[in-house]
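The hints should help you fit chains B and C onto chain A, whose structure is shown.
Protein chains in written order, with the numbering used here: chain A, 1 to 448; chain B, 1001 to 1317; chain C, 2001 to 2318.
Read the hints as simulated data drawn from the structure, not as lab findings. Only a predicted model underlies this, so the values are computations on that prediction, with no experimental measurement involved. Where a beta carbon is used, it is the ideal one built from N, C-alpha and C, also for glycine. Nothing false has been slipped in among the hints.
Just so you have them, the derived chain A footprint on chain C, three or more residues with Cβ under 8 Å: (1) 2255-2268; (2) 2271-2284.
List of simulated lysine to aspartate or glutamate pairs, DMTMM-like, C-alpha gap at most 20 Å: (3) A/K422 with C/D2088; (4) B/K1083 with A/D361; (5) A/K301 with B/D1099; (6) A/K422 with C/E2087; (7) A/K309 with B/E1048; (8) A/K63 with B/D1262; (9) A/K438 with C/E2087; (10) C/K2314 with B/D1146; (11) B/K1083 with A/E49; (12) A/K441 with C/E2283; (13) A/K422 with C/D2086; (14) A/K434 with C/D2088; (15) A/K438 with C/D2082; (16) A/K438 with C/E2283; (17) A/K202 with B/D1049; (18) A/K438 with C/D2088; (19) A/K426 with C/D2088; (20) A/K202 with B/E1048; (21) A/K63 with B/E1110; (22) A/K438 with C/D2086; (23) C/K2314 with B/D1147.
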Amino acid sequence: MRMNKTNLLLTCAAGTLALTLGAASSAQAEGKSLTMCWAAWDPANALVELDKDFTAKTGIEMKHEFVPWTSYADHFINLLNSRSSECDLIIGDSQWIGGAAENKWYVKLNDFFDKNNISMDTFLPATVVGYAEWPKNTPNYWGLPAMADAVGWTYRKDWFAKPELRAEFKAKYNRELEPPKTWDELIEVAKFFTGKEIDGKKVYGAYVFSERGSEGITMGVTNAMYNYGFDYMDPKKPYQMEGIVNSAGAAKGMDVYKELFTCCQPPGLTNAYMQEGLDAFKSGQVAMQMNWYAFFPGLAKDPNVGGDKIGFFKNPAGPAGDFTQLGGQGLSVVAASKNVDDALTYVKWFAQPEVQQKWTDLGGASASKAVLDSDAYKKSAAYAPSFVESMGMVKDFWAEPLYVPLLLDMQNRVHDYVVANKGTSKQALDSLVKDWIKVFKQEGKDPS
Amino acid sequence: MSAVQSPRPFSEPSPLVRWLAGAVVVLYAIITILPLVWIGATAFKSQEDAIAYPPKVFFKPTLEGFVDLFTVQTHQSHDFIAKLPPPKTWYEKIARDRDMVIAGPSRVVERFLNSLIIGFGSTLLATFLGVLAAYGFSRFRVPLADDLLFFILSTRMMPPIAVAVPIYMMYRWLGLYDTRIGMILLYTAVNVSLAVWLLKGFIDEIPREYEEAALVDGYTRLQAFRKVVLPQAATGIAATAIFCLIFSWNEYAFNLLLTSSDAQTMPPYIPFIIGEGGQNWPAVAAGTSLFLLPIMIFTIALRKHLLRGITFGAVRR
Amino acid sequence: MTVTNNARGIAEGVAFRAPATAVRVRGLSDRAVAWLFILPTMLLLLAINIFPLIWAIRLSFTGLMANLPTPARFIGIDNYLDILTDEDIWANFQITAHFVFWTIALQVLVGLGLALLINQKFRGHSFWTTVILLPMMLSPAVVGNFWTLLFQPQIGPFNYLIGFFTGAAPSSFTMIGSVALAPWTIVLVNTWMWTPYVMLICLAGLRSIPDYIYEAAEVDRASPLRQFVSITLPMVLPFLMLAVLFQAIQSFVMFDLVNLLTSGGPGSTTELVSITLKRAAFEKWETGYASALAVILFVTIFGAANIYVRALNKVKQQ
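One chain only, chain A, in its complex shape:
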């Protein structure tokens, strides 16, 4: 009735308020539980399976909070910064270690490791440095290496095997059509495939990362730049970047990446990261794809492009180096958690060799030497040998507490040059050095 419109409005408002308040109070869960936080992707699903064993053994329920990659860093850094106790355990990115250590977001694990005979020597050294140590190369551990990952490449083995293509390539380049071992070879092979019609569709040579918003293009370009002479700072003079970051080799590396992107990337992939690469490869658009090893188990099983059709190779070398970009995360205990002891129990369980082995079997990627160095592993899957090799040649981005501005500055400068054709690579790197000096000044580290 219109006459009671105000009453109606008031009642509705009150009702909504009541509903809100009622719905806002959550029921208390019975029994013990731990919340594990990570990014939402295939390996996370594997973790859900793995954790069932933990629950069976200890009776502690495992809850999972997975956030998409695009908001993974924002979301969890926010959470950690505000000392929320929403996560008990977190599998945090290797880049967060600096901030986590200096701001005491994580529980320092040295004493715990000593008491429980968990030795960092059982893990690959690169993963210990990358996922656990801060300051780098000192025995201060803030996490347990959990997910070993690096950038690798997939290729269409079936296309590489086609006799007519092999003949054509041999005639043109005077060598066999094989997975490339250097960036020069990579570009040759990519250009060879670009524009060819295969299975009735026009295909392209290669897919590389080009994402602007979070970290994509940086995680891609470093794979070229490391191998042409780029480094972050003078190894003898900490934070000294002039002449190192913007060296001639570094600029050449960026040019090489740009050349590959311009000639051979499928159209429209100017802001593309992990998912678009998988899509492009699975839908038969590209001959070779750059992506994280974490996805390779899934690709190997793909009905369209898996099995015999797919091959893997490690990041090609360059004239000045043979590196690949480190990915991966470490398992850490959140200092603000209300269940630190239970969380540590989980870490102890996770570090056991049997669990590490099962973790890899289910689809994760253990960083344990025992798992990776075994012959059984190297034979277990087509990507395994190149993965083990890759983990031995990894290099990581800054892990400073202020890594985000450093990363965003590089995203900006690289994307401007590689995708938007602004200026030259040397100019981009010169501007980047200026950007980074500014950031370090904010941190109180004067790089001059």
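What follows is chains B and C alone, placed relative to chain A:
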């Protein structure tokens, strides 16, 4: 419609002009709706079809997208699946066919519920406060009314991102971070400026003679407001409510920055529905389509009020 | 609509005082009612809008970084100088201005045009009006996101459709990825989404023009064009200007749609100021710097809106 009815159809456009106008509008409507049709169709595609190269116009429909939207699944090996008991429900079967096992419900229903509570809650509150304030500005001589009204308008001029940082700190301090109440208050504050401006126009149009008569009859001001003005402003209130709801329902930035899991609504959630390593387009499309439905229904239901309300508020005496 | 009656409403409120005093003895006084009605809104706005605004202004004079535990350092106007001398920021403002100008221009053209056509009241016009309203009811973030699929040259329909009509190969151009086309792409999507809003308001304006004015014009034997220029346009203008005001403010601070559509790329060719702001505030956590940028943005909009509203009031009075 207009206040004066003309006895002869002097200004009626000729049938030809009418037909042409209609044709152009229908053409525009169809073109403008095509993207939505494509997204609606994508909701019923399989993942492979959704990213097919070249894009598929005809495809075999499946409910995969919806199943992916509402459940959390894990990728398992064939052997593992072979050992499980046969699927009991149709959605389990869909998942199994793709080598996935359903691990539980996704959090989309919670998000949807949050959208309902926060969307409708803030709309009600904003409209309520707005109609009161609009009445106040319309009927009484408020000091500095013009300036106050401009001030109310200016609250829309600060980019949400900018106020988000101080509000974030303020909310943390007050314990309103990641709460529905917090979001309702925030959206109300944003909407109330539009509500006041719109409703003031409507209320200005309601002839004061009615209230005058009521007051003379012995009603208090409050009673006159409730019994005389409000009913007449109903269409204006409906129109305002629609605009407020559209904003609150679809707001993204504040919700992204000021909530984490308890009070998150659909807009920050939909674009990031992840499949096995990347965006799951059928699920995203399914989420988009379902999310559009309530507001579409709300608007269609009140559509006559919408048009009439705006028109009514605009009629000159 | 609203603006046409504000001045009149206040004037009449003044004239209406006399009867109010006669009933002051009954129930709450008019003064009390007025304050009771207006106060909650003002308080809410003060708390949620003004307080953070003042806080943001205060922060803009510091070098605070909200993710570090160090307290804020007062650095005077350094942030402002940094921003005003940064050519990248000026480029962002240019990009934003280009975006706002073109999207408003197109929305006005198409919105007014549609309103005029719909006003001819052909059969089924109310159904089709509702259909046209649909894009406006979506979330800008969701819109930005799904248009990335539509614009994908290999797997999305847009390029294929254009190719169908123009003969160009679908993979020969890219809307989002090209430096030349990306700024127009964001204009296109934003216009697609918000034209219904302008159309709706213009429609209200057109419906409000009483027939007798046209009658009189017919009697004077004014041509349809003359009628349009001297009757329709001037009377729709206040409504149009109101729609433009709200839309311009909104486009200036637009964030979600563009961020999800292009992430500000390629490079920074579609990086609106609001995107720069979000990155500074919530990714780099340069809180002081971001607050200064926000204040600059706010002052710009405030100043422009002020001038605009004055012009609007002048138009109303005619």
